[in-house]
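Peer 1: One letter stands for each residue in the lines below.
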Amino acid sequence: MGRKILLDKINVPGIKTYEVYRREGGYASVEKALKKMTPDEVVEEVKTSGLRGRGGAGFPAGMKWSFIDKKSGNPRHLVCNADESEPGTFKDRYLMEYIPHLLIEGMITSSYALGANLSYIYIRGEYMWVYKILEKAIAEAKAAGWLGKNILGSGYDLDLYVQIGGGAYICGEETALIESLEGNRGNPRLKPPFPAVKGLWQNPTVVNNVETISTVPWIINNSGADYAGIGIGRSTGTKLISASGNIKNQGVYEIELGLSVYEFMNSDEYCGGMQTDRPLKALVPGGSSVPILPANLIYKTAAGEDRLMSYESLSDGGFATGSMLGSGGFIVYDDRACIVRNTWNFARFYHHESCGQCTPCREGTGWLEKVLWRIENGQGREEDIELLWSIQSKIEGNTICPLGDAASWPVAAAIRHFKDEFEYHIRFPEKVKNRDHFVAEPFEKVKHLVSKQEI
Amino acid sequence: MERSHIKQEINMTESLMNRINELISHYPEGKQKSALLPVLHEVQDAHDNWLSIELQNKVAEILNILPIEVYEVVTFYTMFNQRPIGKYMFEFCQTSPCCQNGVEDLMDYTCSKLGVKVGEPTADGQFEVRGVECLGACGYAPMMQLGDFYQEHLTKEKIDQLIADCNDGKITLHDK
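For the protein sequence lines, the chains are A and B, in the order given.
Residue 612, in my numbering, is where the first sequence stops; the numbers in between run on with no holes.
Residue 266, in my numbering, is where the second sequence stops; the numbers in between run on with no holes.
No lab work stands behind these hints: they were computed from the structure.
A couple of the hints might just be wrong.
Restricting the straight-line Cα-Cα distance to at most 35 Å, the calculated cross-link-like pairs of lysine-lysine (DSBU-like) are [claimed, not checked]:
no., chain 1, residue 1, chain 2, residue 2
1, A, Lys-173, B, Lys-203
2, B, Lys-260, A, Lys-289
3, A, Lys-590, B, Lys-246
4, A, Lys-161, A, Lys-457
5, B, Lys-246, A, Lys-405
6, B, Lys-123, A, Lys-348
7, A, Lys-228, A, Lys-355
8, A, Lys-527, B, Lys-260
9, A, Lys-289, B, Lys-97
10, A, Lys-299, B, Lys-121
11, B, Lys-121, A, Lys-228
12, B, Lys-121, A, Lys-189
13, A, Lys-193, A, Lys-173
Just chain B, same shape as in the assembly (with noise of 0.2 Å):
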């Protein structure tokens, strides 16, 4: 889906800038580029999870580097998104153990009951179902991410639970 035309309001706020220049603190005078894939983190999260290339041309000039050395980075990683997704994004693990724990039958289940199909936000773009690679949480499957934090041992009825969370503002994305 074509989404460049999408204006994304760019709000580096003095407690982003500031968290930034900690990052960039972590290392040595001149390698501030080591401090890009924290960055973009930080500036994806304050920006309804998603870095326009206005944003990312905004990252290069604070991290005194050329656009495309975050292009590059940003179309790499599959943490950084290049188009606004559903706010509340289920990343389903759909790696072998997380298979043998019927997360496939979960996934369904999940859009069927949102109405979508995997890779689609929502008409009110409030959620939307993904399945991803191994996310490093095997004995507890299914599972997937929700923000920053693991949802694990699914079952259809903690998936009811979890978008009736969503849906009455419950549950937090990121710690910050």
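With the rest of the complex left out, here is chain A (with noise of 0.2 Å):
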């Protein structure tokens, strides 16, 4: 069994309640940060845990912490992204709704760290019967004296709330998120100034992923170098993956970082092989905006070696042939999958998400959605590709946010490892006119005439 710092409660019966929370040692970082630590102190051992934002970007959560302006003598503000949308990725949902006493002790010690006296937990529209969960949790730690004036007579206050959105995936980017906790459209907003100097209402502000937040209260109740003590390398600690696609056992996983990507696929622990006996085709292993992977390059990289579960691992070979460990979103794709319709699906997820701001991002995604599908309906040209492949890399780089690269990747990627089947669906129109081509016959069997057609 590996080791559990986040779900090891999940299970216990009632859990969701103050009353069980507590009895399970529930609330005990606030008790020792408050009454035995300095904020700088909490500030220390998260920097020495070597915990990594676990939104998608993995950036260190301690030196962004950091980072928070405490010249200006402005309030402060942590800000919960529960903003929950990168397709695969269902994690913070999970946390949420099963034991949401976790996150708001995270965030009072880690609004405690940051000096903050007012903090906000922005989740997805859709969540709306999770808003109401964290909503009456609030309320009963509130009533227990963990919010509030002078919580634990240590002097310090703290006022936590929920904000719920309004369907926009683009508002789990930290600027557009704080954008729509001021109640506007969820326009990105151009950096510098970086929300840690003018977030919320022009005050200094972190805003940290939902597991991120809930790890802090394991790393203040034991310390940062046990934490750092977990997992491989620079890629500290546990990690929540939520699983799906053609696996057998979907679901929420906490792994341990390091762990090899053939036992995550396949021991009965966690997905549990196939969901079929079809063979494995490609695998996301961050959410939609990373790129996919080839079979060939799933469980050992490119030199060989193999292939883990960590930041390091997944990236390695760069694009050419590696990914990234993004969200966590492990998307497994089995053999009936077309490559050139999953495509065409993310690229309308992105154009649909777009905030129209920039250029690059509005128009391009679109473009990448009307040629995606002409290829996929049989109505491509071979000039499409090398179209679709200038598209992405103009979009690529040249915007306010990362929605322009989290659109331009999945594609990028696609045409790099799967080329011929984009050429099939090309010149075998008819061949691809069912939206289940590859059901009945799937690309591995017809591969070859793709080869043998004169251009």
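Got two chains here, separate frames each, mind docking them using the hints?
Peer 2: Have a look at this one:
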């Protein structure tokens, strides 16, 4: 059994309620931090832990905290990013739904470290029932004296509220989230200034993912060094992985970073292998925006080493032969999956979710969707593959926020690793008319046709 | 479809106003605009799940902001409806992992069972089918959102049951 830090208590009956959570040792980190530690000592522990942002970017959390502006004297805020919307990712919802007090405990301890007296959890609008669960848990915590004025007689005050979003993926980007929290459209802001200097209402603000904040209580209860002892290299600790697609056991798993991809995929403790006897075709290891990996690069890197579930190993080989850990949205595809159709599906998503502020993303994502759709429907042209490559390369790096990159990477990776499948769609339009074209006849069986065809 | 001529009865009940005032109290003095998204959800839930221009103007008045500040938010976020929608809105997630688990076939099935196309309510206004983007339930696919709740691991049989339950008034849309 792998080490559990976040999910060790999730199956305790009644853990959703304050009484049970407290009886199981909950809120101990708040007691320890407020009574025995200075805010800077809390920050130091998190720095020592090596904990990296679990929303996708993987930026060291303690370092992010240390950037918060204390000189201006303006009020500071901690905002939890619970706008979980990256396709393939459903881990934060699991934590908030089944052990909501863990996040609230983390919010209090982390707010104390940052010197924030007013903090928010911003949750996506579709998680309406989870919003109600959090509101109830906050009320319970407040009634028990963990929120409000002079918490535990320490002189520290904190108000914590949940804010509900309105259905926009872009609000997972931290500056768009702040805009939304101010009651505006979710248009990302130009950086600098960074939120740590000018964030919510122009006050110094730190935005952290649910999983990141939920990890802080364990670090404070134990130590940063203990946490750093788990995992592998700079990928310290444990990570929640949301596993979906054509695997037997779909769901949320906590793994120790450094576990091999092979074991995660095939062990009965985790994914349990493929759903049916169909062969593995591709893997998106970290949410829809990270590069898709073909079967031969999943269990081994291009250098022939075992591929591990860690930030470094999953990105080994760069974009040429690697991918990213991202948010841990692990989507598995068997040989019935059509890579062209799947890439179109992701492109449609990014087109729909583009905020429209930057021209390359607003226009480019629409182009990607349309060109991919015509290839998928047997109306593609030979030059379309070049065209797709050119569009994605012109979006990447040319937008205010990373949504443009997120839209480009899956297209680039699909062409890089599955170019012959695009060619097949273009050269054999009659064969791809039905949307389930690879169910009866997987691409592997027909791919020899592509090379025989003269252009 | 042009629906702007449809009149919506505005009914700001005492309990709704109490909830709105509670939401406003979550933000510092003068930052009441921050309550806009949560307030819009509450107001929409209490008004047959849509927001007419008149209702949006009312929200602007309550929050002491300009009507345009409400319009720009309502038009940006997908969860705010600017026209009357089917009472029971079946919002199927149609992003990759749900497709891997057969959601496209289920949407076809539901549409043909209800005799509608995607995005058009049934003649009696009871049902509507929509395709939406990732709802964060990839491991429980195929799935849909119905009111404030998710319906997961869907099958044709479950769809039949849900339609029957809606017709029998057994489905709660909002937890108030």
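Peer 1: Going back to the hint list, which numbers does this structure go against?
Peer 2: 1, 8
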